Amino acid sequence: MKQDVLLEARRRWIIYNLPFGPLRDCYAHPLPRSERDYRDTDYLALDLETTGLYPAKDQILSFGWVPIDGNRIRLEGAQHRLVRIDQAISADSAVIHQITDDQSARGEPLREVLADCLRALGGRVLLAHHARIERGFLAAACRQLFGNEPLLRVVDTLALARRSLERRQQAYRPDDVRLHALARQYNLPQMPAHNALSDALNTAQVFLAQSAYLDTGKPLLLHDLLT
Amino acid sequence: MDIELIEIRDFLASHPPFDNLPEATLATLPKRLTVRYLRRGSSFPPEDEKTPALYILRSGAIELRDRSGDLIGKLAEGDTAPSACDDRRIQHSILGTASEDTLVYLLPCELLSKLRAEHPEFAAHFDQSVSERLRRALDSIKERGPISGTSLMTVRVRDLINAHLVSAPPETSIEQAARIMSEGRCSSLIVMEEGQLRGLLTVRDLRDRCLAAGLSPQRPVSEIMTHTLHTTSADTLGFQALITMSRLNVHHLPVLRDGAVIGVISTSDLVRFQSANAVYLVGDIHKAEDLKTLVATARKIPEVQIHLVASSATADQVGQAITAVTDAINLRLLELAEAELGPPPFPYCWMVGGSQARREQSAHSDQDNALLLAQTPTPEQAAYFQSLATRVTDGMNACGFIHCPGDVMASNPQWRQPLATWRQYFSDWIERPQPQALLNASVFFDLRALHDPEHLFPSLQRDILRKTSENRIFIAHMAANAIKHRPPLGFFRNFVLVRGGEHDHSFDLKHRGTVPIIDMARVHALSAGIPDVNSLERLQMVAGSAALSRDGAANLIDALEFIGTLRVRHQADQLRADEPPDNFLAPDRLSALERGHLKDAFALIASLQETLGQRYQAGRFA
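Taken in order, these protein sequences are the chains called E and V. Residues in the first sequence are numbered from 581 upward in steps of one, following this note's numbering. Residues in the second sequence are numbered from 11 upward in steps of one, following this note's numbering.
Quick caveat, the hints were computed from the structure, so don't treat them as lab data. Remember, it's a predicted structure, so these values are computed and weren't measured experimentally. The beta carbon of each residue, even a glycine, is placed where N, CA and C say it ideally should be. Check before you lean on any hint, since a few could be wrong.
Calculated pairs, EDC-like style, for lysine to aspartate or glutamate (alpha carbon to alpha carbon, straight line, at most 16 Å) [said to hold, decoys possible]:
(1) V/K84 <-> V/E110
(2) V/K302 <-> V/E345
(3) E/K798 <-> E/E615
(4) V/K41 <-> E/D649
(5) V/K477 <-> V/E441
(6) V/K60 <-> E/D649
(7) V/K41 <-> E/E656
(8) V/K41 <-> V/D20
(9) V/K520 <-> V/D592
To spell it out: a stretch of chain V is covered by chain E in this simulated footprint if at least three of its residues, at any positions, have a beta carbon under 8 Å from a beta carbon of chain E; those stretches are [stated by the list, open to error]:
(10) 44–56
(11) 67–76
(12) 108–115
This is chain E alone, in the form it adopts within the complex (with noise of 0.2 Å):
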């Protein structure tokens, strides 16, 4: 409850500061608060397919996002957006990703994609697996292109998937907490990987069956879920 106020008070801070733009619009929706039930809440589950793991110098190559209100996905605002990249896309990263630089050459500006994004995401909770990596990406971006990072409260997949087998004190390798891992574990359909859209949906089914086997009729607050 506290850091709610915290939060809700550096928001108002920063709002205060920022030039008019995607990034204020952002900010101008109040956070989700943890202490609410997790099906009063909605996220948007995103996924960013990217040149390589570092924010400093890699870059955002396509976004995938689909938003849940509470407990339901709701394909409708599913979206999937290449970026158009200064930069060659390097052999072993295109291997991963699928994605060439003639596809990425009929991409949109960073700026416009990320804009969408931003007003996809506001009010929302960002929900992402191993979210360190579109968080470190998306606040990376924002202070570039919008002079600021972007408030954000986070639910990562990959950590509640590792909370729960440390809880029950259960050795794991690292594949077992991967997404298809756990997709498969709560006999859900295998969408193809790799591709930003399809693997936001994964993440958001997977997120749809840690809650529901977290949730046991007692009070599930996004507080309990939050990373």
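We have chain E already, so just place chain V on it with the hints.
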């Protein structure tokens, strides 16, 4: 649409009723869906879902129960749940539980009504009953096939015959008839008198009955033509004509339209459409001089099945064709045995049982047969029949019709008896039925005379049918046995699980598919005293009686044909791959559509078993 939701679109496109929607409409659907996850054990529809929707199962399984807690259905991947869109009461009258972790797609009701209004094929799924859906599936099976349009399944006899009718009056001389045939370049001549069919003259008649017999070519054709004729009609399917010819072992059939002769269909007309077929096999069998030749011919039976399946024949047609070949081999073995052992000391009837009697054989069936003797044999006479029966059953075995595992064969002295003993056997089975004994004897309640020159069989058959139709206790026992094999209603719940190991992931198309229907057909036929043994004919005969409604019979016929056809196809695939054929179908070999139809067929069988059980109070004996 974002290209990535194509995966969801493809999923919808491969499941009924969405498979009926045009591509452009399908592409718009994924974006309209909501996705929900139901943990195992949670209720369905989810309690917090206030607005009705059409639920589509993406993964997992759901059990549906009515208010009294009885299981009314199981939903698996690709199934749509009964929708509360039309009638909100459904939401409350059906209590579902996710029996596995389940992911569902929700399609809004207003979109559903729009789709139904715009796409009649799609709408039909929601309006049709289970039995209607199955019937349509069967129709499409019959239409389908790699060479549909030119296959014997779809072509009519009228399209196969020569448009020009070649005929002559009976008093025509043989020489003149031969000239007419030569000019017409045909292998047969219709003999007509005052517009009436009198006979048929073939090249073979000219050779055998005239030239070889030294008959004067100036004699009239009526002396050498075939008088008693089987005919076929212009609208008969090429396939049925083929079956008739192979059963009669003839090569020509006059074709009638509205009672008038319009031509002759010959096997060479058919051969243009079908190269490896039962007619030629039967022809070879009649010519075979020894067992070795018969064995070599019998090796082609699997090809017959492969070929028939390729031309989209149904299970009934495959069964008829293969049984025709089996009968021919069996008869030829009897002839060869008699030729070797000399004529029998007194007449006998060679009876066949089981699938051969029902004309429902497939490649690699086993043999069931028995002997009905005209009188009680002396030890010497008994020895004769012993050798005869052993030669024939061993010969059948060598030809691939393996010895009956239950030893129901004429080579077993127990099944080589005079009429009085057979009457006693049947009296025991019918008047003092014992469940186990009846199970073993069921093969004798599908009985057909294969070789019966002195017509011994009809009197035994009349006797059996009179007893079965009068004896309610016996019928109740048979009914109890008939409903023992239940269709695997729960089967689909298991096979959606990819977790493997604990479940046997295949399904016995025979014992849990066709056998329950065949058993029911037998009970109805015996109870009504109907002499037919073929299951489809039995069901057609009892249709509309008090025991089985016309609809019920039609549904059973459709279900039998559908499952049976899946079975002969599955076996044809195995035969083509040089594997021994079996009845175990792995569900992943079925399309989602076939899976749906199979499920419909199971539901029909289960409900008719229920009816049968109640009617004959089978529960008391089960």
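Each hint, compared with the structure:
no.	hint	verdict
1	V/K84 <-> V/E110	holds, 11 Å
2	V/K302 <-> V/E345	holds, 15 Å
3	E/K798 <-> E/E615	holds, 14 Å
4	V/K41 <-> E/D649	holds, 15 Å
5	V/K477 <-> V/E441	holds, 8 Å
6	V/K60 <-> E/D649	holds, 15 Å
7	V/K41 <-> E/E656	holds, 4 Å
8	V/K41 <-> V/D20	holds, 13 Å
9	V/K520 <-> V/D592	holds, 9 Å
10	44–56	holds (count 7)
11	67–76	holds (count 3)
12	108–115	holds (count 4)
No hint from the list above goes unmet by this structure.
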